[in-house]
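Here the structure of chain E is known, so what remains is to put chain Y in place on it, guided by the hints.
2 protein chains.
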Amino acid sequence: MQFSTTDTRIGWIGTGVMGQWMCRHLMDHGFQATVTNRTKAKAQPLMDLGAEWKETPEEVAAASDVIFTIVGFPKDVEEVYLGESGILKGARPGAVVVDMTTTSPSLAQTIYKEAASKDVRAVDAPVSGGDVGARNAALSIMVGGDKDTVKALTPLFEIMGKQLVHQGPAGSGQHTKMCNQIVIAGTMIGMCESLLYGEKAGLDLEVMLSSITGGAAACWSLDNLAPRILKGEFDTGFFVEHFVKDMGIALEEARRMNLALPGLALVNQLYQAVMAHGGSRMGTQALMRALKQLNNAI
Amino acid sequence: MQFSTTDTRIGWIGTGVMGQWMCRHLMDHGFQATVTNRTKAKAQPLMDLGAEWKETPEEVAAASDVIFTIVGFPKDVEEVYLGESGILKGARPGAVVVDMTTTSPSLAQTIYKEAASKDVRAVDAPVSGGDVGARNAALSIMVGGDKDTVKALTPLFEIMGKQLVHQGPAGSGQHTKMCNQIVIAGTMIGMCESLLYGEKAGLDLEVMLSSITGGAAACWSLDNLAPRILKGEFDTGFFVEHFVKDMGIALEEARRMNLALPGLALVNQLYQAVMAHGGSRMGTQALMRALKQLNNAI
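Going down the list, the sequences are from chains E and Y.
Every position in the first sequence, counted from 1, becomes a number in the numbering used here once 30 is added.
Every position in the second sequence, counted from 1, becomes a number in the numbering used here once 30 is added.
These are computed hints drawn from the structure, not numbers from a lab.
Do not rely on the hints blindly, as some may be mistaken.
The list treats identical chains as interchangeable, and a pair is accepted whether it falls inside one copy or across any two copies.
[Unchecked claim] With a cut-off of at most 25 Å between alpha-carbon atoms, the simulated DSS-like pairs for lysine-lysine come out as follows:
#	residue 1	residue 2
1	K192	K181
2	K230	K143
3	K177	K105
4	K230	K275
5	K105	K275
6	K70	K192
7	K192	K261
8	K261	K148
Looking at chain E on its own, in the form it has when it is part of the complex (with noise of 0.2 Å):
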C-alpha cells in the first residue's frame, strides 16, 4: 500500500479550525481533496483552492482512497462513521480511514472492528499542539492502528505534523492523547492553586514565577498560561469544553479498566464548575476562575 498525489485521492470531513489547515497542507502538496462540513461556509476557503464538496460523509468517502476526519465529540464522530451516512455506508473496499478527533478509545476500536469488516483499514491518530500547530504543520500526532497502514500513511502525516508516533493497535493513539491530557489537568490545578496562594499571600505574581519556571515546577502551562491569568486574558486557548470532553472520556475509559484516578477526578469536577459558571468557550486557564469562586474572591 503506497499512496500518491497522482493516484490517491484524500477525503477531509471537519473543516473547522484544525481540519482545514490540516487538508490545507495535503493540499498544498498536490492531494485532490472532497470534503464536507457541518457548515458549509468553513470549507469555502478550501474548495477555493480546488477541493470538491460533498453533502455527506458517505460521499466524500465513494469518492475517495483515505479518508481523514476531525470533528467535535465521540457522539459527532459516531454519526460521521456508523450514522445513515456515513463514512462506512461509502467507503470501497481498500479504503484507510483515519480519525483525528481527541475521541474514546473503545470508539476507535469499534471503528477499528466495523470497518474492518467491509475490509476498510482504520487509524486513529489524535493531534496535539492547537491551531497555532495546525497551522504550522507542527503537531504531535498520536497513532493507533495496523503497523502496513500507519507505515502507508507516514507520508501523509508527516506533510502535517513534526512528530509522529506509532503507539500500537487501533485506539493506542487515542488513549496516548489521554495520558497527554491526564498530565494537563495535573499541570493545570498545580498552577492556579499556585498563583491563587501567592495571590493571597501578597506576593508579586510576575516576581514569584521569575523565581519558579526555572526548576523543578517547570511546565509548559507555567510558561504559557500563567502570563494569560495575570492578564486577565481567559477567552483565548484550548476551549474548556473540549477539555472537559477529552477528561470525560479518560474517566470515561479508567472506568472501563477499573482504574481510580483521583486527581482527574477532581480537576474534571472543577471544570464542571467553570462550565456552569459560562465557561465553555473561554480557554482552560480559566479554572483560576473556578477556583477564584470557590474562595469567594473574584
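The following block gives chain Y in isolation, referenced to the frame of chain E:
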C-alpha cells in the same frame, strides 16, 4: 551594610546534604565560618577546611556577623532560633540571620519580629535545586526580608546560587517556595496518573512519553521523574517526608489565609498514604506506588 571576607565572620547551622555545600562555597570564597550541627560528624568535612565548631546555635551566633541556617522541619527552625540556646540568645545587635530551610512563612515572620526586637535583621531565603544545585552553586534562592538587608546579602547568595530573587517582605521567600511546591504537587499527580492510565491501557510507556513530553503536557517531573518510575527507581530523589512537610506548611498557611486548595489537599492525602506504606524516605515519584496500591495493582 556591606560584608567582606576580611571583616565578616559567618555562622552556619545545619551541615546536611545541602548546608555542607553551601557553607563550603562561602569558605572557598574566603569567608571564616563557625558551624554547628545536630550530628557533629557531618560537620567534620567543614572543620577539616578550617571551620570552627560550637556546641549550640547561641554560641555560633555570638561568634558571627551573618548566621545562616538550613535545618529540617519548622520545629527545628523554631528551636534553632527561639529555643533555650537559640540564635537570638547569642546574636549581637546588628547581626543578620538567614534561614534557608523551607519552613513556615508565619514562622519566618515571627523570627523577623523577634529578631528586630533585638536589633537583629532576619531574612528568609529557601532554595530549590536540591543537593545537585547546592553542590554546583546553582540554586534558585527566593528571598524575603528588608531591601537593604537583602542587598547586603546578595554577594553571599550569589556564591551559593544562580538565581536570586527578592520576593518581598519577611515570609515572602517562604511563600514563593510554597508556590513552587504547589505546582509540583500538580505535576506529580498528573504525571503518575498518566503513567498509571497508560500502563493499564497497555501502552508502551516509553513510546507514549515520546509523544507527549514535547507539547502542552511538558513538565520537569515528566522529563526527570517518569524515567525513574519506568525503571522502578523509587529510592532516589527528593524525600517524600520533606515534600509532605512542605505541603503541610502550604495547607496550614492556606488555612490561615482562608483559602481552599482542593488539588493540593488531595495530593497531600495521597502522599500520606505513601508515608503510611513506609515510603517516607523514598523519592517523590513514589506517589506512583500509592496510586497503584489504591488500584490494587501492585
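Hint check:
| no. | hint | result |
| --- | --- | --- |
| 1 | K192 / K181 | within (16 Å within a copy, 47 Å between copies) |
| 2 | K230 / K143 | between (53 Å within a copy, 21 Å between copies) |
| 3 | K177 / K105 | neither (27 Å within a copy, 59 Å between copies) |
| 4 | K230 / K275 | between (31 Å within a copy, 21 Å between copies) |
| 5 | K105 / K275 | within (11 Å within a copy, 46 Å between copies) |
| 6 | K70 / K192 | neither (29 Å within a copy, 56 Å between copies) |
| 7 | K192 / K261 | neither (31 Å within a copy, 28 Å between copies) |
| 8 | K261 / K148 | neither (53 Å within a copy, 42 Å between copies) |
In this structure, the earlier hints numbered 3, 6, 7 and 8 are contradicted, and the remaining ones agree with it.
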